[in-house]
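Next come the chains, spelled out residue by residue.
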Amino acid sequence: MQTAILAVTLAVLTIIGFYMGRSRSVSVAAGNLRRLHSLPGYYGYYVALWCGIPAFAVLATWLSLETTIVETLVIASLPETTQALPESRLNLLINDIRNLASGNIVSREVDPELQAAAERYQSLRQTGFLAAAAVTLSLAIAGLAWGRRLIGPGLKARNQVETVVRVFLIVSSTIAILTTIGIVLSLLFEAIRFFALVSPLEFLFGLKWSPQTALRADQVGSSGLFGAIPLFSGTLLISFIAMCVAGPAGLLSAVYMSEYAHPRMRAVAKPILEILAGIPTVVYGFFAALTVAPFFRNTGAGVGLEISSESALAAGVVMGIMIIPFVSSISDDVITAVPQAMREGSYGLGATRSETIRQVIIPAALPGIVGGFLLAMSRAIGETMIVVMAAGLAANLTVNPFEAVTTVTVQIVTLLIGDQEFDSAKTLAAFALGLMLFCVTLCLNVIALHVVNKYREQYE
Amino acid sequence: MADSTPQAMPQEAAPISEPPPAAEPLKTSTDSGNGAVKFASRKVCVYYGEKQALFDVDLDVLKNKVTALIGPSGCGKSTYLRCLNRMNDTIPICRVTGEISLDGVDIHSKAVDVVHLRARVGMVFQKPNPFPKSIYDNIAYGPRIHGIASSKGELDDIVQSSLEKAGLLKEVHDRLQEPGTGLSGGQQQRLCIARAVAVEPEVILMDEPCSALDPIATARIEELIDELRENYTIVIVTHSMQQAARVSQRTGFFHLGELVEFGETEQIFTNPQDERTQGYITGRFG
Chain L
1 MQTAILAVTL
11 AVLTIIGFYM
21 GRSRSVSVAA
31 GNLRRLHSLP
41 GYYGYYVALW
51 CGIPAFAVLA
61 TWLSLETTIV
71 ETLVIASLPE
81 TTQALPESRL
91 NLLINDIRNL
101 ASGNIVSREV
111 DPELQAAAER
121 YQSLRQTGFL
131 AAAAVTLSLA
141 IAGLAWGRRL
151 IGPGLKARNQ
161 VETVVRVFLI
171 VSSTIAILTT
181 IGIVLSLLFE
191 AIRFFALVSP
201 LEFLFGLKWS
211 PQTALRADQV
221 GSSGLFGAIP
231 LFSGTLLISF
241 IAMCVAGPAG
251 LLSAVYMSEY
261 AHPRMRAVAK
271 PILEILAGIP
281 TVVYGFFAAL
291 TVAPFFRNTG
301 AGVGLEISSE
311 SALAAGVVMG
321 IMIIPFVSSI
331 SDDVITAVPQ
341 AMREGSYGLG
351 ATRSETIRQV
361 IIPAALPGIV
371 GGFLLAMSRA
381 IGETMIVVMA
391 AGLAANLTVN
401 PFEAVTTVTV
411 QIVTLLIGDQ
421 EFDSAKTLAA
431 FALGLMLFCV
441 TLCLNVIALH
451 VVNKYREQYE
Chain E
1 MADSTPQAMP
11 QEAAPISEPP
21 PAAEPLKTST
31 DSGNGAVKFA
41 SRKVCVYYGE
51 KQALFDVDLD
61 VLKNKVTALI
71 GPSGCGKSTY
81 LRCLNRMNDT
91 IPICRVTGEI
101 SLDGVDIHSK
111 AVDVVHLRAR
121 VGMVFQKPNP
131 FPKSIYDNIA
141 YGPRIHGIAS
151 SKGELDDIVQ
161 SSLEKAGLLK
171 EVHDRLQEPG
181 TGLSGGQQQR
191 LCIARAVAVE
201 PEVILMDEPC
211 SALDPIATAR
221 IEELIDELRE
231 NYTIVIVTHS
241 MQQAARVSQR
251 TGFFHLGELV
261 EFGETEQIFT
271 NPQDERTQGY
281 ITGRFG
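The listed protein sequences correspond, in order, to chains L and E.
Here the first sequence is numbered in this note's numbering, starting from 1 and rising by one per residue.
Here the second sequence is numbered in this note's numbering, starting from 1 and rising by one per residue.
No lab work stands behind these hints: they were computed from the structure.
Here the structure is a predicted model, which is why all the values come from computation and not from measurement.
Heads up, the beta-carbon is just placed ideally off N, CA and C, and yes, glycines get one too.
Quick list of simulated restraints, FRET-style, between CB atoms: (1) 178/E / 446/L: 26 to 32 Å; (2) 170/E / 358/L: 28 to 34 Å; (3) 55/E / 358/L: 36 to 42 Å; (4) 55/E / 446/L: 55 to 61 Å; (5) 300/L / 178/E: 52 to 58 Å; (6) 93/E / 358/L: 24 to 30 Å; (7) 184/E / 26/L: 56 to 62 Å.
Put together the whole structure using the sequences plus the hints.
Next comes the structure, spelled out in structure tokens:
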């Protein structure tokens, strides 16, 4: 709360800085704005930046370091015997002190020592905050005065403001990149821990997946088998079925939408098709589990086929329906992007519409269509919810679509649901699977982007 | 006009109203008196939605002659050209009325299949538009879809002779499998002419075929048009009056959707009957 008030005060000071800078520049110009190097607004931003950046930087630094500093000081004030406690016990104690200070429930008897520590914690935080507030506010005011003093007709305010803006833009774009790197690293480190327990060869080429391990030495339980092949074969089987549904349906609907449909029909049908992409996958999941899977099982029973109620077929078909919009809207875009001159050239030679589509338009759009297929494929591989609900958990190594299979994503979910101990191979296996999956979809995306880019060059 | 062409093609041909009963009967020969009439059009009107783009155009295209259509931008000359192979059918909002006949047969009658019509009446467009295929496949495209060649050898011959006719064979004979889009602009346009010729049409329509080309490539195409005249009837739309004067035997001047004047090229350029024609060819407007 205090921090929020401080931040608002700083923001207000910054805004005041903007107006002060602007009016200062106008008065410096003495009525002739042409004398200024930049427009008055830039002088406003200039002062505002001087006022805001140092102050907010100090505030942010303080907020990120506050806990560590205060806790170190509190621990230092505790008796030596307490300080000698193992780290985990010490953490518990610190937690209690913090809870006591903020008036929450405490897990132990409140003795005078704890009480004193809590008071000390509270007062340290208060002092720290006051110090931070004093420093930031004086920095803001000093920056304001300094920036205002610098204003003169010769000050290149626009250039300097634009430099700062560019730095902000660079920082923003770096955030996305750093996050990606962070995700990869977190996967990588846990995966390395996993591979210390299970050999990579066993993981990559093992044919059995059974991640349950005994928790205690005397427990009767399986030893845990971590062969990822059944998972990847399951993933590929379901993705393959999905692409068998989405590929033809998506491509043909794109051809219809872009070449045959009346504009009015297209205006109605295309958004409806794209609604498919907006349905949450959970909804597809119970559609698959409650409607499609029983339908397949009953139909199968009718013609003498044994289809289990959790089958790769049901999950694959529903997933295929889900990714139709990916295939169709990208294909539609690339087909529409084929120049009209190609169509006229073909019609002008006496080709029919279907000949034109098959022999001129599809070949011209093919790289883009392939790119769309690959993007849809990587979407299918990463899909989880439908498979959790409709395909089951049994890690069967099979290519029979009527049996239950499981996928990489489903296993990651089941491995990480609930409270998990992070020193067992069972939990860590999830990270190894995640890393593998990341590599596969990354490769697919890279190929897809490459193909799509190559297509772009063709008509320019 | 053509630039705003939407993607879709209407399921049926643009509706054609009955020609007015008072219309002149179609003649096989007109005032010029020499040569047979290939295309005869009577009272051709074209509408884009509500807007009328052509007004009662009567024009005869003579066999084995080059007919040039000139006029300022937006005067309807390309629109008229696109009526001749019913290319306007590909524009949903476009409607054509009046009568156009090819060798005495109405091209809008039920007996005429638009696909056959376009095989008989080839077209070369303003911008070279080779398909993103090899040079060979570009030319073989038409013969393949019409089943003209019965064997691979025959198809090879058609490709060779079409390239020869378009004056391109010497430049590309050793790289027939390379993409047609890799050629220069002038070569691409000659490739498109070769592609049209390969279907063995009777008429070739050219919509400003040289507007995207440099003077040297233009000169080659003009030479080519003169050679092609022996075997084909050619209708060419052009912005360049010099080009019309050089390549054509007959010239029509369009202005604001009307055919203002039509006659022997020499007469149009030396002794125009209409004031507007005179104004245009002397550069006073347009």
